[in-house]
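Novice: What follows is the residue order along each chain.
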Amino acid sequence: LAKTTQPISMDSYEGQEVNITCSHNNIATNDYITWYQQFPSQGPRFIIQGYKTKVTNEVASLFIPADRKSSTLSLPRVSLSDTAVYYCLVGEDRGSTLGRLYFGRGTQLTVWP
Amino acid sequence: NAGVTQTPKFRILKIGQSMTLQCTQDMNHNYMYWYRQDPGMGLKLIYYSVGAGITDKGEVPNGYNVSRSTTEDFPLRLELAAPSQTSVYFCASSYPPGTTTNEKLFFGSGTQLSVL
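For the record, the sequence lines run as chains P and E.
No gaps in the numbering here: position 2 of the first sequence is 2 in my numbering, and each next residue is one more.
No gaps in the numbering here: position 20 of the second sequence is 20 in my numbering, and each next residue is one more.
You may find that some hints are simply not true.
[Stated by the list, open to error] Not everything, but these chain P residues come out facing chain E in the computed CB check (under 10 Å):
no. : residue
1   : Y13
2   : Q38
3   : Q42
4   : G43
5   : P44
6   : R45
7   : Q49
8   : G104
9   : R105
10  : G106
11  : Q108
12  : W112
[As the list claims (entries may be wrong)] Pair by pair, the computed Cβ-Cβ distance ranges are:
no. : chain 1 : residue 1 : chain 2 : residue 2 : range
13  : E       : G16       : P       : Y51       : 47 to 53 Å
14  : P       : F39       : E       : L116      : 26 to 32 Å
15  : P       : P40       : E       : S84       : 36 to 42 Å
16  : P       : T53       : E       : N65       : 15 to 21 Å
17  : E       : N1        : P       : T110      : 30 to 36 Å
Derived by calculation from the structure, the hints in this document are not laboratory data.
We put the CB at the ideal spot given by N, CA and C, even for glycine.
Excised from the complex, chain P in its bound form (with noise of 0.2 Å):
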């Protein structure tokens, strides 16, 4: 399974947009990237997945560049309550593969005031 690397923690501003990066070089043709979102004393929550070029949703954007070897999260104007850890997953998102997907030790975004 695909590990991946990002930044251990990044800073921003309210109403900046924060991208985070990560690194996924051995990623496999069957591989999926997702995002996680977690707050302190909660569970991960499932923000974002894609496996190509572009992906929107209501909460944030996956950029993945065609070499796929790299994906951004981008997070549109963060407010206060976006202070969280971040994860990137890579791996075939089916079946028992799912659960086995390495969590690293993520990206602590802190948004301030």
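With chain P fixed as given, assemble chain E onto it according to the hints.
Specialist: Then chain E, alone, in the frame of chain P:
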């Protein structure tokens, strides 16, 4: 739907004691998982189950046992608690494969366990 429910939320154990962490889900998910998260670290998979009566080891299964007698419940058992098992434990579930285009994990709110 309540989603994934874990009990208790907090527990303190003495070394050598045993306990069961409860997890139940009301989404009719076949797949269920147990993770542990140490301070400042990511999640590590302990055990998982693909359906009632079927379980398998994850990355860090030593010191734990599981059972899956029903679709809804997936309890985690600690037989002889050790300080190294002090952690936050998360239970998760997911849809069966092929039933949705966005397969994802649904997590409970966790159990904070301290072994002293």
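Novice: Does the nearest C-beta of chain E fall within a distance shorter than 10 Å of the C-beta of R105(P)?
Specialist: 5 Å, holds
Novice: Should the interface hint for G106(P) be scored as holding, given a Cβ-Cβ cut-off of 10 Å against chain E?
Specialist: G106(P) check passes; min Cβ-Cβ to chain E is 6 Å, inside 10 Å.
Novice: Verify the interface restraint on Y13(P): the C-beta must sit less than 10 Å from at least one C-beta of chain E.
Specialist: 24 Å, violated
Novice: Hint check: is the beta carbon of Q108(P) less than 10 Å from a beta carbon of chain E?
Specialist: 9 Å, holds
Novice: CB of T53(P) to CB of N65(E), is that within 15 to 21 Å?
Specialist: Violated - the Cβ-Cβ distance for T53(P) and N65(E), about 44 Å, lies outside 15 to 21 Å.
Novice: Any CB of chain E closer than 10 Å to the CB of R45(P)?
Specialist: 7 Å, holds
Novice: For the hint on W112(P), just tell me whether its beta-carbon gets within less than 10 Å of chain E.
Specialist: Nearest chain E Cβ about 21 Å off; hint violated.
Novice: Does the nearest C-beta of chain E fall within a distance shorter than 10 Å of the C-beta of Q42(P)?
Specialist: 6 Å, holds
Novice: Any CB of chain E closer than 10 Å to the CB of Q38(P)?
Specialist: With Cβ-Cβ at 8 Å, under 10 Å, it holds.
Novice: Just to be sure I understand the hint, the distance between the Cβ atoms of G16(E) and Y51(P) should be within 47 to 53 Å; is that true here?
Specialist: Since the Cβ atoms of G16(E) and Y51(P) sit about 48 Å apart, the hinted range of 47 to 53 Å holds.
Novice: Look at the Cβ atoms of F39(P) and L116(E) and judge whether their distance stays inside 26 to 32 Å.
Specialist: For L116(E) against F39(P), whose Cβ atoms are near 27 Å apart, the range 26 to 32 Å holds.
Novice: When the nearest CB of chain E is found for Q49(P), is that gap smaller than 10 Å?
Specialist: 5 Å, holds
Of the numbered hints stated above, those contradicted by the structure are hints 1, 12, 15 and 16, listed in ascending order.
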